[in-house]
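Trainee: Here is how the chains run, residue by residue.
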Amino acid sequence: MEQSHHGAETGPKQRTVEVGTALLTLVFGLIVLYGSIIVGFGWGSDGPQAGFFPFYVGLIICVCSIINLVQGAREDPEPLFAEYGQLRQVLKVLIPACIYVALVPFLGIYLPSVALILIFMIWLGNYGWPLSLAVALGVPAFFYITLERWFLIPLPKGPIEAMLGL
Amino acid sequence: MNMIAENFTFLYHGFGIASDPFNILLMAIGILLGVIIGVLPGLGGANGVAILLPLTFSMSPTSAIILLTCIYWGALFGGAITSVLFNIPGEPWSVATTFDGHPMARSGRAGEALTAAFTSSFVGAFFAIVMITLIAPLVAQFALQFGPAEKFAVYFLAFASFVGMSKEPPAKTIVSMMIGFALAAVGLDMVTGQLRLTFGITELLNGFDFLIAVIGLFGIGEILLTMEEGLEFRGKAAKIDPKVVWKTWKTLPKYWVTSLRSCIIGCWMGITPAGATPASFMAYGIAKRMSKNGKNFGNGEIEGVVAPETAAHAAGTAAMLPMLALGVPGSPTAAVLLGGLLIWGLQPGPMLFVEQAEFVWGLIASMYLGNVVGLILVLTTVPLFASILRIPFSIIAPVILVICAIGAYTVNNNVFDVIMMMVFGVLGYLLKKTNYPLAPLVLAIVLGDSAEEAFRQALLSSGGTISVFWSNGLVSSIMGLGVVAGIWPLIGLLFGKLRGNSAQPA
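One line per chain: the protein sequences are A and B, in this order. Okay, so the first sequence: first residue is 1 according to my numbering, each after it adds one. Okay, so the second sequence: first residue is 1 according to my numbering, each after it adds one.
Hints may be right or wrong, so weigh each one.
[Claimed, not checked] Straight-line alpha carbon distances no greater than 30 Å define the calculated BS3-like cross-link-like pairs of lysine-lysine that follow: (1) Lys254(B) with Lys243(B); (2) Lys13(A) with Lys243(B); (3) Lys432(B) with Lys92(A); (4) Lys250(B) with Lys295(B).
[Claimed, not checked] Label-pair distances were calculated between CB atoms; the ranges are: (5) Leu25(B) with Thr146(A): 19 to 27 Å; (6) Pro169(B) with Trp123(A): 34 to 42 Å; (7) Leu59(A) with Leu498(B): 30 to 38 Å.
Hint data in this document are derived by calculation from the structure and do not stem from the laboratory. Think of the CB as a built atom: it goes at the ideal place given N, C-alpha and C, for glycine as much as any other residue.
One chain only, chain A, in its complex shape:
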């Protein structure tokens, strides 16, 4: 990535990201190749081995990644991938979402959902507490009633729900 300027019209260049993505797919292809080789990629006694198909898939990925790499490097260096301002906006959603997902294994799905909706509405949407609380508590409650009670589909729950006996 380029050195960071804080401005409205700078950002990482599209070409850099293109090359980076091609490298990423190349690494992925190599991993697939490796995984196929260790289970055997040839023709066994009763047909193709488990790694046969993925081996060629991985090979094609690597070849085409190199093509993309070369084409990416030849691109015009001017256009931006995204402005830093835009990326900041994306992170404003991405980071809370990642924290949310990370919390689900530990706290279940209901509590983090309440928190997520609250954060979005209050911090990002500038809504007041009453409305935010109403939606933040209402939506998970709706799902609890329809999914858990009516359709009988269990969702992950955490220690708090266990304490409340839900």
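With chain A fixed as given, assemble chain B onto it according to the hints.
Mentor: Chain B in isolation, oriented as in the chain A frame:
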């Protein structure tokens, strides 16, 4: 001819059974339940039918299967709703609907898109039902000619049309597709029973479910993309217009060629059975090539919604046919329904038409009626659904995230899937911005295992020679079509050069 006359008598009798008031009530309930299920990603179609299967044990088999098929229709409609409004395909075959349906919603034409989608699916399904009524036994014979090599050829055709007909550079399309195949290969290998590509990580035992990939790539990815512009109102130009349905209906008939062509593609793909997913992609790709507005596909062309929806529903309905006539389910949902039939002691296969004629024709009649009832119910609620987009983004974004997380979890009751969903989300954002097409990736995840299985079975039966794919007329012609589709742009260039300077693309 006598057979057809006989069929119609049975059908008439079947209508009598299907229009029993109790059964009509069941249809309405089924469709409503289905829509709710379809709107929640992760619960659509096959899952929903499976969950509600036990509810039907106390009913007569005819009533039960009417309820189940209507739940299935409802889920299909629900899947179209989320595809258009939120770019989250509820089913693999709704992916192609998002290409033009969602841009339409973003420019304030959600009502039009939904109307087009529902109407097209009705037309497609209706066409397929008529076809089933008329030529069921003939089709059964044709389907019997499809061995693994032919099946693989059909998959090859679907994938090759992607490479040839998409606007992204072929190397990127191929990478995308291959990544999908690789992800599909993770986990237990069906043929040898070995674990592959799991590298000792237990969570990867089940492999990657396409739904997780789709929810992440399309749903989360879309939210991240939208964020670049800040928390703008999405679809703020959308007006609630109760007359939107009529207005859209007036514009639809001019796409009748696309519609008819997509119906045929869908029926063929449903029977073969490649399924609704390749059918929708093929229909989209071909429509894009053949339409006057082809260049505008992807930006909100209504024809880009008509083609895939018609084909997908024609295929989905046509898939019932191999299930009834051969006992071979043409789609995952047909498989669940097949399970239901067996539980009730009904043996699908050619004998079903003879021994349980009342049941079969009651089912077929209920398909007609259920389709009509469903269309009416759903169209009356289109303006309501379209208005969901007017809810401000900062409220609806976290709610979508929660719904996605729930959807991702309910697929396999696995919390790890929720985390994978986020990973796919970031990946989707990155890939979209760097012009890697996502649709081939998803298609490959869905069909990767079946395509590989067909490939290996074909090779096994031929003793390892690749020439099995050119061994008879049927498979050669399909493979040939695939090759042509794949190198279509090159063919276009070639023709251009041959014709000299004033070349038109072929």
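Trainee: Each hint: holds or not?
Mentor: Now the hints, each set against the structure:
| no. | hint | result |
| --- | --- | --- |
| 1 | Lys254(B) with Lys243(B) | holds (19 Å) |
| 2 | Lys13(A) with Lys243(B) | violated (46 Å) |
| 3 | Lys432(B) with Lys92(A) | holds (19 Å) |
| 4 | Lys250(B) with Lys295(B) | holds (23 Å) |
| 5 | Leu25(B) with Thr146(A): 19 to 27 Å | holds (22 Å) |
| 6 | Pro169(B) with Trp123(A): 34 to 42 Å | holds (40 Å) |
| 7 | Leu59(A) with Leu498(B): 30 to 38 Å | holds (34 Å) |
Checked against the numbered hints above, the structure breaks only hint 2 and satisfies the rest.
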